[in-house]
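Participant: Here is what each chain is made of, one letter per residue.
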Amino acid sequence: MDYIGEHLLPGKLGHFVVFLCFAASLVSLIAFYKAATAKNIEEERSWKRFARVAFAIDFISVVSVFATILYIISNHLFEYNFAWEHSSKALDMQYLFACIWESQEGSFLLWTFWNCVLGTILIFRAGKWEAPVMTVLTFVQVCLSTMILGLFLFGAKIGINPFLLMRQQFGDGPMFSRPDYLSMPQMQDGQGLNSLLQNYWMVIHPPVLFLGFASTVVPFAYAIAGLWKKQYGAWTKIALPWTLFSACVLGTGVMMGGAWAYESLTFGGYWAWDPVENASLVPWLVLVAGLHTQLVYNATGHSLRATNFFLIFSFLLILYATFLTRSGVLNGVSVHAFVDEGLNAQLVVFLLTFVIPSLILFAIRYKNIPHIVKEESTYSREFWMFIGSLVLFLSALFISVSTSLPVINKIGNTKWTIGEDTSFAYNRIEIFIAIIIGLLTAITQYLKYKDTTRKYFVKKILIPTIFALAISISISVFGNINYDKYGAGFLTAIHLALFGAVYAVIANAGYIWAGLRGKVKAAGASVAHVGFGLMLVGILLSSSKQKILSINTTGINLPFDPSSKQNPLENLTLLKNVKTDMGTYWTTYVNSDSMNKAGNITYFKINFQRKDGSHEFNLYPNLIKTTKGQQGVSQNPDKYHYVNSDIFTYVTYTDKMEEDKDTTGFKRYPIAANDTIYYSKGYMVVNKITPNPSNNKFHFTPADTALMADITVYGNDSTHYKASPAFFVKNNRLNALADTVFEQNLALSLNGVASNNKLELGVKESNRLVPYVSLKVIEFPQINILWIGTLIMITGFIMSIVRRIKMRLSVV
Amino acid sequence: MKRINIILLVFIAVAIGVLVSFMGNLSTYETIASAKQKEGKSVTIVAKLDNTIPIEYDPLKNPNYVSFHVVDTLGNKAKVVYHYEKPYDMDKTERIVLKGKMQNGVFDITQKDGILITCPSKYKDDPYIIKKNLSQNQ
Numbered sequence: 029m030d031y032i033g034e035h036l037l038p039g040k041l042g043h044f045v046v047f048l049c050f051a052a053s054l055v056s057l058i059a060f061y062k063a064a065t066a067k068n069i070e071e072e073r074s075w076k077r078f079a080r081v082a083f084a085i086d087f088i089s090v091v092s093v094f095a096t097i098l099y100i101i102s103n104h105l106f107e108y109n110f111a112w113e114h115s116s117k118a119l120d121m122q123y124l125f126a127c128i129w130e131s132q133e134g135s136f137l138l139w140t141f142w143n144c145v146l147g148t149i150l151i152f153r154a155g156k157w158e159a160p161v162m163t164v165l166t167f168v169q170v171c172l173s174t175m176i177l178g179l180f181l182f183g184a185k186i187g188i189n190p191f192l193l194m195r196q197q198f199g200d201g202p203m204f205s206r207p208d209y210l211s212m213p214q215m216q217d218g219q220g221l222n223s224l225l226q227n228y229w230m231v232i233h234p235p236v237l238f239l240g241f242a243s244t245v246v247p248f249a250y251a252i253a254g255l256w257k258k259q260y261g262a263w264t265k266i267a268l269p270w271t272l273f274s275a276c277v278l279g280t281g282v283m284m285g286g287a288w289a290y291e292s293l294t295f296g297g298y299w300a301w302d303p304v305e306n307a308s309l310v311p312w313l314v315l316v317a318g319l320h321t322q323l324v325y326n327a328t329g330h331s332l333r334a335t336n337f338f339l340i341f342s343f344l345l346i347l348y349a350t351f352l353t354r355s356g357v358l359n360g361v362s363v364h365a366f367v368d369e370g371l372n373a374q375l376v377v378f379l380l381t382f383v384i385p386s387l388i389l390f391a392i393r394y395k396n397i398p399h400i401v402k403e404e405s406t407y408s409r410e411f412w413m414f415i416g417s418l419v420l421f422l423s424a425l426f427i428s429v430s431t432s433l434p435v436i437n438k439i440g441n442t443k444w445t446i447g448e449d450t451s452f453a454y455n456r457i458e459i460f461i462a463i464i465i466g467l468l469t470a471i472t473q474y475l476k477y478k479d480t481t482r483k484y485f486v487k488k489i490l491i492p493t494i495f496a497l498a499i500s501i502s503i504s505v506f507g508n509i510n511y512d513k514y515g516a517g518f519l520t521a522i523h524l525a526l527f528g529a530v531y532a533v534i535a536n537a538g539y540i541w542a543g544l545r546g547k548v549k550a551a552g553a554s555v556a557h558v559g560f561g562l563m564l565v566g567i568l569l570s571s572s573k574q575k576i577l578s579i580n581t582t583g584i585n586l587p588f589d590p591s592s593k594q595n596p597l598e599n600l601t602l603l604k605n606v607k608t609d610m611g612t613y614w615t616t617y618v619n620s621d622s623m624n625k626a627g628n629i630t631y632f633k634i635n636f637q638r639k640d641g642s643h644e645f646n647l648y649p650n651l652i653k654t655t656k657g658q659q660g661v662s663q664n665p666d667k668y669h670y671v672n673s674d675i676f677t678y679v680t681y682t683d684k685m686e687e688d689k690d691t692t693g694f695k696r697y698p699i700a701a702n703d704t705i706y707y708s709k710g711y712m713v714v715n716k717i718t719p720n721p722s723n724n725k726f727h728f729t730p731a732d733t734a735l736m737a738d739i740t741v742y743g744n745d746s747t748h749y750k751a752s753p754a755f756f757v758k759n760n761r762l763n764a765l766a767d768t769v770f771e772q773n774l775a776l777s778l779n780g781v782a783s784n785n786k787l788e789l790g791v792k793e794s795n796r797l798v799p800y801v802s803l804k805v806i807e808f809p810q811i812n813i814l815w816i817g818t819l820i821m822i823t824g825f826i827m828s829i830v831r832r833i834k835m836r837l838s839v840v
Numbered sequence: 008m009k010r011i012n013i014i015l016l017v018f019i020a021v022a023i024g025v026l027v028s029f030m031g032n033l034s035t036y037e038t039i040a041s042a043k044q045k046e047g048k049s050v051t052i053v054a055k056l057d058n059t060i061p062i063e064y065d066p067l068k069n070p071n072y073v074s075f076h077v078v079d080t081l082g083n084k085a086k087v088v089y090h091y092e093k094p095y096d097m098d099k100t101e102r103i104v105l106k107g108k109m110q111n112g113v114f115d116i117t118q119k120d121g122i123l124i125t126c127p128s129k130y131k132d133d134p135y136i137i138k139k140n141l142s143q144n145q
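Protein sequences, first through last, are from chains C and U.
Each residue of the first sequence is one higher than the last, beginning at 29 in my numbering.
Each residue of the second sequence is one higher than the last, beginning at 8 in my numbering.
Cross-link-like lysine to aspartate or glutamate pairs, in silico, EDC-like; alpha carbons within 16 Å at most:
#1 C:K443 to U:E37
#2 C:K684 to U:D65
#3 C:K786 to C:D738
#4 C:K573 to C:D512
#5 C:K62 to C:E72
#6 U:K9 to C:E403
#7 U:K68 to C:E771
#8 C:K633 to C:E644
#9 C:K402 to C:D479
#10 C:K716 to C:D703
#11 U:K84 to U:E37
#12 C:K709 to C:E793
Derived by calculation from the structure, the hints in this document are not laboratory data.
Could you build the full structure based on these sequences and the hints that come with them?
Facilitator: Here it is, written out as structure tokens:
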């Protein structure tokens, strides 16, 4: 059948470059392998030249795949499944790339792209290591490019083709039997991008995170190449900038994810120990462990085995994270994971393809990896760095096991799951890790490699210790940290961890002067450690002092929930225009409004007034209506930044969400003074009509044109209420000022003049008349310390990378 | 014995200790029937919303009280009380994961994380839903 209006060329071209991408990476893998195993220099050189060309073709085809997808999305070619599923006409241009990250195949493509960039740098810079390292990297590249192949081989699905047409994807749909299916209404626009992802963090966070993911392959490839070529320790110095780079970018990516979660999700914070978050934190912890042992080996010759182990493992854990988040295995435990798209078998094969050979290689070579028999001194830096790395690894191991429970259940046919209090299950272990890591970060820099005299160490560390003690004790005493939810033991641990964190900051900042005598260029590690310590301080303070402000303190409504005395009452309902008590604030729900161009976002203006009258601000938490899939609305929080804390709020429920259900309109009645009107629960009498009323509600003057109806409402339950709807005319426009009788669920509106000298009164009865929002308001104290700490840590990493690259250049 | 071995032993001991304590605090997946037998014990249930009985939530009276009924794959039913706001789109969900305790025949959830709604289309569209949408719009 010939279909009308389809644009098939981009898809054909796209599919061709997808295959080219696979073929070119396969060719470059074989050629790099040949070069790495070549017998003589001539042979190696010619294979290398060939491999580079193939790799360049691979790079070009990956870029072409990207460009073709962008072309399809930006031209709204909805005959393509990718455009239909992930984009829409209304989408802002800035989110074009976010559309690509939203899909599984798109994020694999992003990974592939970074792999090409890294490979290109290695080709130029890796020197004699190029062939073996690139063999490993191109092998990864081959595996990644199968993820977008979209082939069916022997009944197994290999990859997802991003250029599938709608009629190929949903071939059995009845509409596709028509040649003009593209003219049908449901083909006119795409499903759009998930509104949660329409956030600037979502444009930059995935590329950074995937660069982090991709870059772990470089230290891995060096380690494997070293084991393979039996040049065990020869690569650790030249690969150090790569390990630093990877740790820097992956750490940044993880924290950006936290910032996005804080900005646009509503689990109330930047970290929730969600399996998807954990999956990218674990490789980072192991990588940082490997970074430290790599430094130890470079300086002392110790810990080479550990370095190999950690660097290999961190890449394997990236692959494992890929499996976890994309296979659908986490669906019962995470809200963020992708659903199963039939790639499970392929993902497992991808994982095992790397796990089995690399662990076997490590095991075979283990005995031959050089190590020093003599033990490290207890007063040496390398000893405590090694201990620190082990602690990081242990922490990673713990998080992995608990994140992997769904996998363990599948394999062992068990039924384990984390209990109802997810965060505490992690926090009660991680708090001790924080204590140890904080202390180690503080003291280790003051120890020298090999050995340190006790006198030197004590002399140097004494002053920072005293300062850190003084500061952390005063924070503990005056900081109002009384997080007693989990008892005194946990609170003590928090105070200890706080000391550790403060100690890490002070000691490392002090070391820049005391140890390095202000040589800032060499201070990368100290700066990164200061940043890390500040992050810990920020995390500890913002979580332990985090306070729910929207607690119902009035005591009203409690009988409705018999057990509410023991339960946290985290939401507070605000009626429109009713000032409500919220701890230190008076809060008022002022109004709601849709301001964006698509009209799918409703902003709620909430006014916060400090009770002492010192400060006032408005917050605009909003609801985004989504067209995508089944989801109806998503909440988008808003926050007010004080220097020392954030006031964070989001709408948990509102009458707006039930608006569609309330279809009762206004009934119109012509009225004059002394008329009676009946409604379902009683009647109302119009007492009189007042022109230009001036009372405590309206302030009109004789110069205005205004009318007010004075009405008394008599309910069947023998209650009566006053109501005074009014209207005024200004600039030739009539403005109605409706009045409501909340008790009777009644809205009255004076709509203007009817015939026979009468006025028109609109009467609306509703179950849900009172506009309200239920809010959750959380105070995050000192969260800025966390963000500042993150920035400082990144700065420290960059300083170290720059310095190590310079050192490497001077060595070569 | 070398110090490195002692350290490794200590680490292994700590790791085992952590693991044991962690496993001890884990909850298990239960059916409604087996949860009823383990009254007062923290368990996890995977169930579907029972649409025959309406969800009770009135934020004007109390925004921190939702009550609804669920039915599991074996057809057993239970009333659930959740002491937080009503999760969005709860009515449309396919599957709910509940973590809490059975108390007097009512499944009581006192932690915010105690409800996980698996909305198939949250981050990625379910092809079946898309198919449904495609044919509905015709």
